[in-house]
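So the sequence shown is residues 68 to 241, counted in this note's numbering.
What the hints contain is simulated information worked out from the structure, not anything from laboratory work.
Quick caveat, the model's predicted, so the values are computed rather than measured.
Even glycine gets a Cβ: it sits at the ideal position worked out from N, Cα and C.
Fair warning: there could be bad hints in the mix.
Derived CB-CB ranges, DEER-like [unchecked claim]:
id	residue 1	residue 2	range
1	198	74	24 to 34 Å
2	112	172	38 to 48 Å
3	235	96	50 to 60 Å
4	69	233	40 to 50 Å
5	96	238	50 to 60 Å
6	139	217	14 to 24 Å
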Amino acid sequence: MKKYNFRNDILPLKNELYQLALRITLNDAEAEDVVQETMIKVWNRRDSWETIESIEAFCLTICRNLSLDKIRKTENQNLSLDNNADNSFPADNSYSSNPEEQTVQQDRLQLVRTLIGQLPEKQRSVMQLRDFEGKSYKEIAQILEISEDQVKVNLFRARQTIKKKFIETENYGL
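Given the sequences, and given the hints that come with them, work out the whole structure.
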């Protein structure tokens, strides 16, 4: 297939791998560990790189699997999303919004983060890869090792669940 170079093809993926690991593990230190373990595993499999169609999908799959292994071991699934997730959901700092509007918006974003954190693992992974990482259905299917139809179904269900719970909470409170 293609000849890959660790420095030029794989090392630049470390930020993307970190974001994926962070969204799954919800912990900065664990995400860093996962990325390091991913790089080691990819390096150790360098003899089979020529047979890999997409090195990015290969790396993301390893990262995802290691992240899932981490959270299974530490049982961190009930934590909210990343403490520094403000990068994912930037606050509206425009001059037109007053402090009350900003507080309401921040509360809503925190609610969405919490709701995403409560999704089943597969739905959460699909939603994160599609809506936060901007991956295509085909790429997500390769990374998660499921069909494109399963990607679409999981994404639809995740969005519907978030929407339903958000509306319920907004209308009736916690």
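So, going through the hints one by one against the coordinates:
no., hint, verdict
1, 198 - 74: 24 to 34 Å, "holds (31 Å)"
2, 112 - 172: 38 to 48 Å, "holds (45 Å)"
3, 235 - 96: 50 to 60 Å, "violated (34 Å)"
4, 69 - 233: 40 to 50 Å, "holds (43 Å)"
5, 96 - 238: 50 to 60 Å, "violated (38 Å)"
6, 139 - 217: 14 to 24 Å, "holds (21 Å)"
The structure does not agree with the numbered hints 3, 5 stated previously, though it agrees with the rest.
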